[in-house]
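Student: Listed here are the chains, written in short residue letters.
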Amino acid sequence: MSTTSQKGFLSFIFDCIRWNMQGNLLFQIFRLILFATMVFGIYAYSHQARNGLEVTGMSNIVSWGFYISNFTFLVGVAAAAVMLIMPAYMFHDPDFHRVVIIGEGVAVGALVMCLSFITVDLGGPLQAWHLIPGIGQFNFPSSILAWDVVVLNGYLLLNALVPMYILYSHYMGRKPDERKYRPFVFLSIFWAFSIHMVTAFLYQGLPARPFWNNPLMGPRFLASAFAAGPSLIILVLAVVHNFTNYKIEKKTFHKLRLIIVISAIINLIMLFSEIFKEFYFPTHHSIAATYLFFGLEGHDALVPWIWTSICVNLVATLVLAFNPGDNNPKILLPACILLFVAIWMEKGIGLIVPGLIPSPMGEVVDYLPTWVELAVTLGIFALGITVVTWLIHPALILEERYEKMHNSLERE
Amino acid sequence: MDSPKKKDGQMKKMDIAEGGTTRRSFLKKSSIAAAAGGAALMSGCMPGKDTQSAEEFGLRWEEYFKKHYRLMTQEERDETIARLERLAKLQRGLDLQISSRPAREQVLYGYAFNISRCEGYMDCVKACVKENNQDRKSRTQYIRIFEMEPGQLDPSTGDGKYFHEVPVDNKFYMGVQCFQCENPPCVKACPTKATWQEPDGIVVVDYDWCIGCRYCMAACPYWGRRFNWGKPQIPNEEVNTRQHYLGNRIRPMGKVEKCTFCVQRTREGKLPACAEACPTGARVFGNLLDPNSEIRYVLKHKKVFRMKEELGTDPKFWYFID
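In order, the protein sequences belong to chains A and B.
Each step along the first sequence adds one to the number in the numbering used here, with nothing skipped, and position 369 is 369.
Each step along the second sequence adds one to the number in the numbering used here, with nothing skipped, and position 293 is 293.
By construction, these hints were calculated from the structure, which means they are not laboratory data.
Every residue, glycine too, gets a C-beta built ideally from N, C-alpha and C.
One or more of the hints may lead you astray.
To give an idea of the chain A side of the interface with chain B (calculated C-beta under 10 Å), a few residues [what the hints assert, rightly or not]:
(1) Glu54
(2) Val55
(3) Asp121
(4) Tyr203
(5) Val239
(6) Phe243
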C-alpha cells in the first residue's frame with residue numbers, strides 16, 4: 001500500500017476522466033456527433049414533456065410503442081454480456097478474459113439505455129420516486145414491473161462494480177483478489193438470466209394479450225439475446241481492434257461466432273414453433289399473429305417489417321453458420337450487423353406492437369412512431385454509445401498498461 | 001428544471017379557461033395571467049416573487065410531495081382536497097367540491113346489462129363523458145357500445161364505430177366498460193399500487209400517485225382503461241364541479257383513468273350517470289349484498305353471462321337477455 005500512496009480511488013477516477021478527454025481527432029469528432037444527437041434527443045423530449053405523450057404515435061389501443069420496444073430489445077443486449085462473463089470468470093478462458101471488460105461496458109451502456117427508455121415512456125416521470133421502496137409504494141412481489149425495476153438496477157450495479165474493482169486493482173498495480181469478486185460474478189451470471197426472464201414475464205404474464213401469453217417467450221428471449229448481444233460485441237471488438245492499440249485475437253471472434261450461431265439457430269427453431277402454433281389451426285388467439293404476418297382488415301403496417309426481419313435473420317444465420325469467409329471480417333461483420341438489426345426489428349416493434357393489436361375489443365389500428373419518438377430514441381442510443389466509450393476507453397488503457405507490466409515482471 | 005414546464009402548463013390551462021367564459025371572468029383571468037406572466041419574466045425560472053404565483057407554487061410543491069391516498073389520514077385527505085380546490089380556483093376560476101367519501105358499509109356494487117333492451121342510442125356515453133369530466137379533445141369515453149349481428153355474443157366481433165340511425169332491424173347492442181373485476185389484473189400489474197379495489201368493489205386510481213407506465217392498460221383484458229396522452233381539455237362551463245378524489249376530478253396529464261361506476265354519485269346513493277341516462281332501462285345497477293336489490297333479482301331470475309369468463313377475472317358486470 002505504501003508504495004502507491006500517491007494513487008487512490010480519487011486519482012483513479014480523475015485519470016479515467018483525463019484519459020477520456022484525450023484521443024485523436026476522429027475520436028473527438030465521433031464524440032461531438034454523439035453529443036449533438038443527444039442534444040437533439042433532449043430537445044425532442046422537452047417537446048414531449050411539455051405537450052404530453054400525445055406527440056407520440058401511441059394511442060389508447062397501442063399504448064406501448066417504440067420506446068418500450070427498444071427497451072425490451074436492449075435488455076437482451078445487456079444480458080448477453082454473460083456470454084463473455086461465464087467463460088471468462090468461470091472457465092478461465094484466456095481469450096474471453098481479455099475482452100470481458102468490453103462486454104461488461106456494453107452491458108452497462110445497454111442498461112443505461114433500458115432505464116432511459118422506461119423513463120421517457122412514463123407519463124409522469126417526475127413521479128418516478130413513487131417507485132422507490134421506503135419513500136414510495138413498491139408493489140413487490142405482485143407487479144412484474146416492480147421485479148423488473150429490481151433486476152435491472154441490480155444488474156447495472158453488478159456490471160458496474162465488479163469491473164470497477166478489477167480495473168481499480170489493475171490501476172493500483174496489484175492482482176484483484178478473486179475471493180472478493182468471484183461471488184459477485186456468479187451472482188451476475190444468475191442475474192443476467194433473470195433480467196431476461198423477468199422482462200419476458202412482463203409480457204408473458206398477461207392473459208389479456210394472447211400474443212404475449214406464451215410460455216416460449218422467456219426462453220426465446222434468451223436465445224435471441226445471446227445471438228444479438230454477442231453480434232454487437234463482435235462489432236465493438238472489431239472497432240477496438242481497428243482503432244486502438246488493444247489487439248483482439250482472431251480466436252476470440254471465432255468463439256463468439258460459435259455462440260451466435262448456436263443461439264441464432266435455437267431462436268429460429270423456436271420462431272418456427274411459434275408460427276406453427278399460430279397458423280396450423282388458427283384460433284381467436286392467433287389474430288395478433290395474423291395482423292403481424294399478414295395484416296388484418298386492411299391494416300398491414302408491420303407485414304413488410306416482420307418479413308424483412310425474418311429473411312435477414314435467416315440469411316445472417318446461414319452466413320454465420322457456414323462461415324464462407326473463414327472468419328474474414330469483411331463477411332463476418334456485415335453478417336453480425338444484419339443479425340443484430342433483424343433481431344432488433346423482431347424483438348422490438350415486432351414483439352410489442354402486435355401484442356396490443358387488435359385491442360381486446362377487436363379494434364385494429366396501425367402504429368407509426370412520430371419524429372419525437374425517433375429523435376428521443378436516437379438521443380438515447382447516442383447516450384448509450386457515449387457511456388460505452390467513456391467506460392471502455394480508460395478501461396483499455398488500464399488493461400494495456402497492466403498487461404505490459406505483468407509481462408515485463410514475468411520476463412524478469 | 002421543471003418550473004418553466006409547469007408555467008407552460010398553467011398558461012395553457014388559462015387559454016382553455018378563456019375559451020368559454022363571460023367577459024368579466026375573462027378580464028379577471030387575463031389580468032391574473034398577465035400578473036403571472038410578468039412575475040415569470042421578473043423572476044425567471046423561480047416562481048414566487050409574485051404573491052399569486054407564490055401561493056400556487058407552494059400548493060404545487062406540497063401536492064408534489066403528498067402521500068399515497070390510502071396512506072393519508074382523513075386530515076391529510078382534507079388538506080390535499082383543500083389544496084386541489086384552491087388550485088382549481090387559482091388556475092381556472094373553478095369552484096370545485098371534491099369529496100373523499102369512503103365506501104359505504106355492507107355495499108358491493110354490481111352491474112347488469114340487458115342486451116334485449118339496449119337500442120344503441122348512446123345516451124349513456126354522453127352522460128358518462130359529461131359526468132366524469134373526460135377529455136373533450138381526444139374524445140375519451142369509458143363506455144363503448146357495439147352493434148352486433150345475431151349469433152354473436154362477443155363484443156369484439158361487433159361494430160364499435162357505427163354511425164347511423166338506431167335501432168337497426170335484426171341487430172342488437174352491447175355496452176362495454178370497466179367491469180370492476182373481483183380479481184383485477186390491472187391492480188396486480190401496477191408497480192406503485194396506484195390502482196386498487198375499494199371495499200365496495202370499485203377499482204380506482206390515485207391519479208396523483210400513478211406514474212403513467214400504462215402496464216395496467218396492457219394487463220386489462222376488457223380495454224377498460226384510458227390514458228391522458230395530453231392535458232385533458234374541458235370548457236369551464238362544462239366541468240362537473242361535484243367531484244370525488246378517486247372519481248371524476250380532472251385528471252393530470254400523463255395519468256391513467258377509468259370508469260369508477262361514478263364513485264362520486266354512487267357513494268351518495270345515486271345511480272351511475274350511465275344507468276340514469278339510459279332511456280330503455282337496459283342498465284341495472286345496485287348493491288350485490290342487498291338481497292332485495294334489482295341487481296340481485298336479475299342475477300336470480302335471468303339467464304346471465306359475463307365476458308371472457310375463462311380468464312378468471314370475475315367481473316361484477318353481467319349481460320342478460322329478457
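Student: None of the hints should be skipped; say for each whether it holds.
Tutor: Hints and how they fare:
no.: 1; hint: Glu54; in the structure: holds, 4 Å
no.: 2; hint: Val55; in the structure: holds, 8 Å
no.: 3; hint: Asp121; in the structure: holds, 7 Å
no.: 4; hint: Tyr203; in the structure: holds, 8 Å
no.: 5; hint: Val239; in the structure: violated, 35 Å
no.: 6; hint: Phe243; in the structure: violated, 37 Å
The structure fails to meet hints 5 and 6 from the earlier list, while all remaining hints are met.
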